[in-house]
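Given these sequences and hints, build the entire structure.
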Amino acid sequence: MNPARPSEGAHTGVRQPEGAPVTAAGEEVLYDVRGHVAWITINRPQRANALTMSGLEALARRFEQAADDAAVRVVVLAGAGGAFCSGIDLKAAAELPPGERFPAPMRGLQRNVFEVLLELYKPTIASIEGACFGAGVELAMACDLRIASEAAHFACPEAKVGIGANCAAVLLPRLLPRLLPRALALELLYTGRVLQSAQALQLGLYNRVVPADALLGATTELAEAIAANAPLTVRRIKEVAAKGWELPLPTALRLNVGPDPYASEDRLEGARAFAEKRAPVFKER
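Residue numbers (my numbering): 1 to 285.
Take these hints with a grain of salt, some might be off.
Said to hold, decoys possible - Listed below are the simulated DSS-like cross-link pairs for lysine-lysine, each with C-alpha atoms no more than 30 Å apart in a straight line: (1) Lys-238 with Lys-283; (2) Lys-277 with Lys-238; (3) Lys-277 with Lys-243.
Treat the hints as calculated values from the structure; they're not laboratory data.
Written out as structure tokens, the structure is:
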């Protein structure tokens with residue numbers, strides 16, 4: 001089952017960027033808000049959601065759109081048609097006109113897509129089905145949480161095809177050692193070997209693995225559970241966790257970033273709801 005149901009995006013709940021076509025047909029990246037959850041879907045199923053340069057730019061715009069959307073509390077990144085993302089579109093790269101060079105990393109309008117995702121202050125979830133290769137791995141690792149189907153497979157094959165793995169070489173040795181030994185993280189990069197879902201879960205790369213037909217439901221359940229919580233508190237947690245990442249413990253404990261939930265109406269609402277034994281109604285203020 002496709003986790004983001006992109007075919008529905010053109011008809012229900014889609015918030016298009018200014019000037020974008022009203023139909024989802026042909027769009028490389030879709031944006032669909034359901035309740036307080038934004039579903040961002042890579043929409044090139046005919047190429048296993050391989051990314052073009054324009055697709056990377058579109059992703060960055062969608063991440064920024066979710067950051068600026070006051071209705072959005074959680075962001076889900078998914079792929080259309082049975083794959084998450086198979087990486088950079090090597091076929092398109094091989095068909096570059098004579099004399100045109102393959103775009104170097106950290107240049108051009110698409111250079112900051114992984115930084116934009118990493119720095120998005122709202123919780124992010126990667127919903128992984130099928131292929132998760134190369135740039136797809138980088139996107140998944142840049143998300144806070146990862147849910148995968150049993151059929152998902154995870155690999156960094158850049159060394160097998162002669163691409164630089166610029167983000168993966170920086171991101172994975174920083175993130176993966178917190179989950180598994182640095183040597184194993186580098187082995188995955190050096191060899192490009194494929195991890196099946198059970199292996200990735202065992203290594204701590206995924207939060208959970210579910211049957212393919214349960215991926216949509218499991219992702220929705222997790223996203224909605226986060227979105228139902230006090231949004232100022234969730235934002236505060238993410239900003240403190242992100243910005244205190246490399247700080248010494250005494251400094252991190254004194255880090256004052258993000259919104260202040262202690263002085264918020266939501267804090268009062270949470271206390272009242274607890275006392276009255278009802279669900280709180282948070283207003284993000």
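A quick look at each hint next to the structure:
1. Lys-238 with Lys-283: 19 Å, holds
2. Lys-277 with Lys-238: 28 Å, holds
3. Lys-277 with Lys-243: Violated. Lys-277 to Lys-243 sits at ~35 Å, over the 30 Å cutoff.
Checked against the numbered hints above, the structure breaks only hint 3 and satisfies the rest.
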